[in-house]
Amino acid sequence: MIKLGIERIDDYLHLFKGKRVGLITNPTGIDRHFKSTIDILREKVNLVALFSPEHGVRGNVDAGVKLESYIDDKTGIIVYSLYGDKRRPSDEIMDSIDLICIDIQDIGSRFYTFIYTMAYCMIACKDKNKQFVVFDRPNPINGKDVEGNILDLNYRSFIGYYPIVQRPGMTIAELALLFNKEYGIGCNLSVIPMENYNRDQYFEETGCLWIMPSPNIPTPEIALYFNSTCVFEGTNVAEGRGTTLPFKLIGAPYINADELATKMNDLHLKGIYFRPVHFNPVAFKYKGEMCNGVELYILDRSEFSPVKTGWALLDTIRNLYPNDFTVNPPYTVGRPTMLELNTGCSYIKEKKYTLEEQFDIIEKDTKEFIKIREKYLLY
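Straight run, no breaks: the sequence shown in the working numbering ends on number 1442.
Please note: incorrect hints may appear among the correct ones.
[Claimed, not checked] Heads up, simulated SDA-like pairs for lysine to any residue below, C-alpha to C-alpha not over 20 Å straight-line:
1) LYS1082 / ASN1251
2) LYS1098 / GLY1122
3) LYS1207 / LYS1430
4) LYS1414 / ASN1382
5) LYS1082 / VAL1108
Keep in mind the hints are simulated off the structure, nothing from the lab.
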């Protein structure tokens, strides 16, 4: 049975002795008995501050919604927002603590923001000579499979800050080690690894408890679909938000569901099947409108390539509906579009390459990143 990083706290109490401790967490920070990391640390260390990532410490805020600092009702501890106007603690906040630790469930994707909340706090710790500690957790879509293009730093953002691939195949502690050494943060970093973790495992094979890390990732299976279809966030194609199957459905009113499903299945992508579907989102894009598209069915996870699948869907929809498909404008004039930020490049937006050439880039960059990542694997 896996022993999570937080479940090994007693072996690492020396790291926290005499320190004023701040914790980055959300509802996913629990042990196997449903006890929150907040409560565990309150009993064992001097916990003086909580830090809130995207979606809030209690996980009740939708994607992209800015947060303000507040007092936690349950504990009376101040919660500092790391997803508001500022993405890292101020100097004043840093002066009030000696150590920041993080216990949070990542989902294994470059464009999920929790790992950059971690990185920004690591930078703050470096700047103020404070310690940073990571309680490790499993990668829910396994820690073995790696896929994607390497981020072009011209498209650096809070959904892609370092030159990693979209599916890095690493745990959050391994990513901390990578960011700290390979990409030059250089903070005083300690990691508390898991025991008995097998990086080949998907989440349901670990025996750990799944708590939604954000409102639209209800299951670990959806975390795998997220790596395919979140790319549509920056377009006028709905990615299933506002339905019971976020990221498993994609569609738009202008799409012919049968046509798209046939075209996608004719590509013979490994491990995946596309079923024509019609859905009516109750929120987000096309709220109250009938969308036509496809539902993705992963038939064989060992063969499924989520990044290639997402890029193939995008390419096919653009080719089928050139007069209807659009890329959403950037949130800020002069900044890259969300599609460029999600894909970490310009060539997908610009339709610069054929699908086969896009796949070649994914394969080349994946091989390059595997060599970099190898030095930082703990398991």
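Against the structure, the hints come out as follows:
A hinted pair counts as satisfied when its Cα atoms are at most 20 Å apart, and LYS1082 with ASN1251 qualifies at roughly 14 Å. Only pairs whose Cα atoms come within 20 Å are accepted, and LYS1098 paired with GLY1122 is accepted, the gap being roughly 16 Å. Between the alpha carbons of LYS1207 and LYS1430 the distance comes to roughly 13 Å, so the proposed pair stays at or under 20 Å and holds. Taking the CA atoms of LYS1414 and ASN1382, the gap is near 10 Å; set against the 20 Å cutoff, the hint holds.
The straight-line distance between the Cα atoms of LYS1082 and VAL1108 is roughly 8 Å, inside the 20 Å bound, and the hint therefore holds.
Of the numbered hints given earlier, the model fails none.
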